[in-house]
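Undergrad: Sequence:
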Amino acid sequence: MRLQPGDWPGVLPLVQSALNQQPADRLDGVEPTTAFTGLPATPPLTGLVHPDEPRDVTIDWIKSRAIRHVTELADALGIMHKHVAETAAAKRAKARYRRDGQRSVKLAKFTLGDFVLVARALQHPGKLSLRWKGPFRVVKVVSDYLMEVQQLVPPGATSLHHACRLRLYCEGGREVNEDLKAQIAFGDEGFYVEDLRDLRLRDGVWEVLIKWLGLDDLESSWEPALSIYEDVPLLFRRWAKARSNKDGVSEIIDDLTSACGHPM
9 MRLQPGDWPG VLPLVQSALN QQPADRLDGV EPTTAFTGLP ATPPLTGLVH PDEPRDVTID
69 WIKSRAIRHV TELADALGIM HKHVAETAAA KRAKARYRRD GQRSVKLAKF TLGDFVLVAR
129 ALQHPGKLSL RWKGPFRVVK VVSDYLMEVQ QLVPPGATSL HHACRLRLYC EGGREVNEDL
189 KAQIAFGDEG FYVEDLRDLR LRDGVWEVLI KWLGLDDLES SWEPALSIYE DVPLLFRRWA
249 KARSNKDGVS EIIDDLTSAC GHPM
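First residue of the sequence shown: 9, per the working numbering; consecutive thereafter.
One thing to keep in mind: the hints can contain errors.
[To be verified] Simulated DEER-style distance windows between Cβ atoms:
#1 Thr166 with Ser266: 16 to 24 Å
#2 Ser25 with Val147: 49 to 57 Å
#3 Tyr105 with Trp16: 24 to 32 Å
#4 Ala97 with Gly269: 46 to 54 Å
#5 Glu227 with Gln12: 53 to 61 Å
#6 Lys117 with Pro163: 49 to 57 Å
[Stated by the list, open to error] Listed next, the in silico PhoX-like pairs over lysine-lysine satisfying Cα-Cα at most 20 Å (straight line):
#7 Lys117 with Lys148
#8 Lys90 with Lys102
#9 Lys141 with Lys117
#10 Lys90 with Lys71
In short, the hints are calculated from the structure, not lab data. By construction, the Cβ of each residue, glycine as well, lies at the ideal position given by its N, Cα and C atoms.
Can you build the whole structure from these sequences, using the hints too?
TA: Structure, rendered in structure tokens:
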């Protein structure tokens, strides 16, 4: 059955009421209505018919029955709530234990000085994906799972990341030498930048001709300059400095500086 969007506000309360009258597995088979009010559940098809014959009673009898009912209700609710809470806690503990037992969800812990890779979220049509960049150095441990990292090359910007977005590159104690900086000049996903050959302005976007490591010159490709600068900032700065007198280099530096928000 298909409903128009305007019909849902009238249907949702009925669905919610029906669900509140059904036994809940999380409450160990107790209906949510019973768990919260102590009253028996009344499914939607239950008739509103009282089975007893009418009879005359006194006000004192009604008061005594009401007091007894409230007392019994309080005791029953206390027992039921305790049982429901214990059952729910046991189910949560079991689910947490099962989840913690999966290696894929264990978060690594890092210490000051560790070198890490940082995952950046990339927007693709219909989904998000992660791309690992770095290495960076851990310069501050905010909490067990919140780290502040710093770029190893100028401008040495710092950023805050959750441990689920970090991956250990190597442990601390290693100096930031030229070999380590050279590794930062590598790209991601197995394709490494060997050299930057040329630049052009296409449809208002600066592009750089990339010579890929291990591939022939004929396989060189034009890539967005901003993406290449983010992947290999050290190599890009060296290339721009060596060609500062070439046409277009000063313009591309100005555009990238404006886009990144900091000087190259």
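Undergrad: Evaluate each hint against the coordinates.
TA: Quick rundown of the hints versus the structure:
1. Thr166 with Ser266: 16 to 24 Å: Cβ of Thr166 to Cβ of Ser266: about 21 Å, so the range 16 to 24 Å holds.
2. Ser25 with Val147: 49 to 57 Å: Holds, at about 55 Å.
3. Tyr105 with Trp16: 24 to 32 Å: About 38 Å separates the Cβ atoms of Tyr105 and Trp16, which means 24 to 32 Å is violated.
4. Ala97 with Gly269: 46 to 54 Å: At 49 Å between Cβs, range holds.
5. Glu227 with Gln12: 53 to 61 Å: Holds, at about 55 Å.
6. Lys117 with Pro163: 49 to 57 Å: At 28 Å between Cβs, range violated.
7. Lys117 with Lys148: Holds - the C-alpha atoms of Lys148 and Lys117 are around 13 Å apart, at most 20 Å.
8. Lys90 with Lys102: holds (18 Å)
9. Lys141 with Lys117: holds (18 Å)
10. Lys90 with Lys71: violated (29 Å)
Hint compliance for this structure: hints 3, 6, 10 are not met, and every other hint is.
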